[in-house]
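K.L.:
The chain contents come next:
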Amino acid sequence: MIRITDLHKSFGTNAVLRGVDLHVPKGESMVIIGGSGTGKSVLLKCILGLVTPDSGIIEVDGQDVTKVKRDAFLARFGMLFQGGALFDSLSVWQNVAFRLLRGPGRLPKAEARAAAIEKLRRVGLTPEVADQFPAELSGGMQKRVGLARAIAAEPEIIFFDEPTTGLDPIMAGVINALIREIVEEMGATAMTITHDMSSVRAIADRVAMLHGGKIRWSGPVAELDATPDPYVQQFIHGRAEGPIESVR
Amino acid sequence: MNALTRPLAHLGHAVLSALAALGRVSRFAGATLAHLVRPPFYWREFLHACLQIGWLSLPVVGMTAVFTGAALALQIYAGGSRFNAESVVPQIVALGITRELGPVLGALMVAARVASSIAAEIGTMKVTEQIDALTTLSTHPMKYLTVPRVLAATLSMPLLVAVGDALGIWGGYLVGVTRLDFASSTYLANTADFLEVWDVGSGLVKGAVFGFVVALMGCYFGMNSGRGAQGVGGATKSAVVAASVLILASNYLLTELFFAA
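Residue numbers (the numbering used here), protein chains in the order written: chain A, 1 to 248; chain B, 249 to 509.
By construction, these hints were calculated from the structure, which means they are not laboratory data. All residues carry an ideal CB built from backbone N, CA and C; glycine is no exception. Treat the hints with care, as some may be off.
Lysine-lysine pairs mimicking DSS-like chemistry, simulated, CA-CA at most 27 Å apart [said to hold, decoys possible]:
# : chain 1 : residue 1 : chain 2 : residue 2
1 : A       : Lys109    : B       : Lys391
2 : A       : Lys214    : A       : Lys67
3 : A       : Lys69     : B       : Lys391
4 : A       : Lys214    : A       : Lys26
5 : B       : Lys391    : A       : Lys67
6 : A       : Lys109    : A       : Lys67
7 : A       : Lys26     : A       : Lys67
8 : B       : Lys391    : B       : Lys485
Partial list, computed: chain B residues near chain A (C-beta under 10 Å) [to be verified]:
#  : residue
9  : Pro288
10 : Tyr290
11 : Ser365
12 : Glu369
13 : Thr372
14 : Met373
15 : Gln378
16 : Ile379
17 : Asp380
18 : Ala381
19 : Leu382
20 : Asn438
21 : Asp441
Sequences and hints are given; from them, build the entire structure.
P.N.:
Structural data, given as structure tokens:
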């Protein structure tokens, strides 16, 4: 479904991606792990066209993403941003129904609102939240609204950028479980980036570790603990000592 | 590089940076105009921007105009009395307000109020990834954020200038009648007889240009905001400074164009 070949991206003299190769099969949940600043978010943004790669090929269903019609291409995606990225000036239901209210397939306002409330219910929020504004919600509720917005238009591919960052462990568990349920229910292809190992175990079918601008290891989540790769072992066990340099 | 050539190198670097910035702003303006004529157009955002930029700027523009007209009347009376020309107060107030002070001071007040808020809002949207979110939701940020604001400012500003003209002349009239012993009917008749359509019209055209500049600078610096609170603060400051300088510079150019002998 998504195939990335020899992807490079630098910001000035900082080479973030140095030849990433990755394949995400249709209907699979791929989790990308790696330390802060290793280019996980840049990788997602390259796929979506938010960041232009220096070189390399990104294909979705065999089509080069630079040669497809942008609107139709983006309509296949949903994305949950790290901080939620909810629009402050719009109410919760208008955020969730943003895509449903605009574009060629737009719905009448009442239908879009009903669809938004249904998605809010799916992520565990009551209809009373619909008319509130994002600033009135807690961090966990904002994540849920972001999740509802990401799935509102029933996308084929969903990206989750650090879905549990800033949440307490219980709320993180709730969000992880919701993501897994929704991805399975929709049959969507999912790509999640995180450094939270509880998210990895809850969400992933396959895991890939990004280090030094390349995919260091990838495989089924069941093989993660058994891999002898010292980089993976250091990361998943959170050890200060090991081949990954840590700044103290 | 020696001590002689170093200043030249700095000067060259500064000139190149300024030209590059001008190029970036010009490209941004071109992209805004290109998106303006291509669908979709977001009417709701446009009407909201009209309310924020036009309607809610009325108090500040109105008060600026009233006090400017009043002070202008006093100044012209005091200055004119040196060569027995006190009687030209109504005419000079009308001319000064409609051609220059109404559009320029009104636009500077709008720049302070609107360019700053647009830059801060869009800058915050950028650092909190809301601009990226718009793109992933198949909505072009230029169409959704820039076009409605620039069009609203360009259309609202002439209306604000027209209101400012009326209130500025009224400010001068109040001072003329209550402090300078002008007869009410004489003051009004002198104002009406002296003013020409182009005196008012040129100010309205200036207002449209200034409105375009104000919103464009707010959007440009917001879209190019740096990271964090400092980045947004810097974008806000730059938007107000750039809008104010461009208003004054374009005012000179437009005055040359409209009134040069």
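K.L.:
Next step is simple, just say for each hint if it's right about the structure.
P.N.:
Quick rundown of the hints versus the structure:
1. At most 27 Å may separate the alpha-carbon atoms for a hinted pair to count; Lys109 of chain A and Lys391 of chain B meet this at roughly 21 Å.
2. Straight-line distance between C-alpha atoms of Lys214 of chain A and Lys67 of chain A comes to about 25 Å, which keeps the hinted pair within the 27 Å bound.
3. For the suggested pair Lys69 of chain A and Lys391 of chain B, the alpha carbons sit about 17 Å apart, so the restraint of at most 27 Å is met.
4. The suggested pairing of Lys214 of chain A with Lys26 of chain A holds, with an alpha-carbon distance near 22 Å, which does not exceed 27 Å.
5. A distance of roughly 22 Å separates the Cα atoms of Lys391 of chain B and Lys67 of chain A; the hinted pair therefore holds under the 27 Å criterion.
6. Between Lys109 of chain A and Lys67 of chain A the CA atoms are separated by roughly 33 Å; this puts the pair beyond 27 Å, and the hint is violated.
7. Only pairs whose Cα atoms come within 27 Å are accepted, and Lys26 of chain A paired with Lys67 of chain A is accepted, the gap being roughly 21 Å.
8. Proximity of Lys391 of chain B to Lys485 of chain B is assessed by CA-CA distance (about 24 Å); at most 27 Å being required, the pair is judged to hold.
9. Annotation: Pro288 of chain B was flagged as interfacial toward chain A, and the flag holds, the nearest CB pair being 7 Å apart, inside 10 Å.
10. Because the closest C-beta pair between Tyr290 of chain B and chain A is about 8 Å apart, less than 10 Å, the hint holds.
11. Given hint, Ser365 of chain B at the interface with chain A, is violated; its Cβ is 12 Å from that chain's nearest Cβ, farther than 10 Å.
12. Here the hint on Glu369 of chain B is kept, as its CB sits about 8 Å from the closest CB of chain A, short of 10 Å.
13. With its C-beta approaching chain A no nearer than about 8 Å, Thr372 of chain B sits inside the 10 Å limit, and its interface hint holds.
14. Interface restraint check: Met373 of chain B against chain A, minimum CB-CB distance 8 Å, threshold 10 Å, status holds.
15. A least Cβ separation of about 5 Å between Gln378 of chain B and chain A falls short of the 10 Å threshold, and the interface hint therefore holds.
16. Given hint, Ile379 of chain B at the interface with chain A, holds; its Cβ is 9 Å from that chain's nearest Cβ, closer than 10 Å.
17. Nearest Cβ of chain A to the Cβ of Asp380 of chain B: about 5 Å, under the 10 Å cut. The hint holds.
18. Hint status for Ala381 of chain B: holds, given a least beta-carbon distance of 4 Å to chain A, under 10 Å.
19. Among the interface hints, the one on Leu382 of chain B holds; its C-beta lies about 8 Å from the nearest C-beta in chain A, closer than the 10 Å criterion.
20. The beta carbon of Asn438 of chain B is not positioned within 10 Å of any beta carbon in chain A (closest approach about 48 Å), and the interface hint is therefore violated.
21. For the restraint placing Asp441 of chain B at the interface with chain A, the shortest Cβ-Cβ distance is roughly 49 Å, beyond the 10 Å limit, so the hint is violated.
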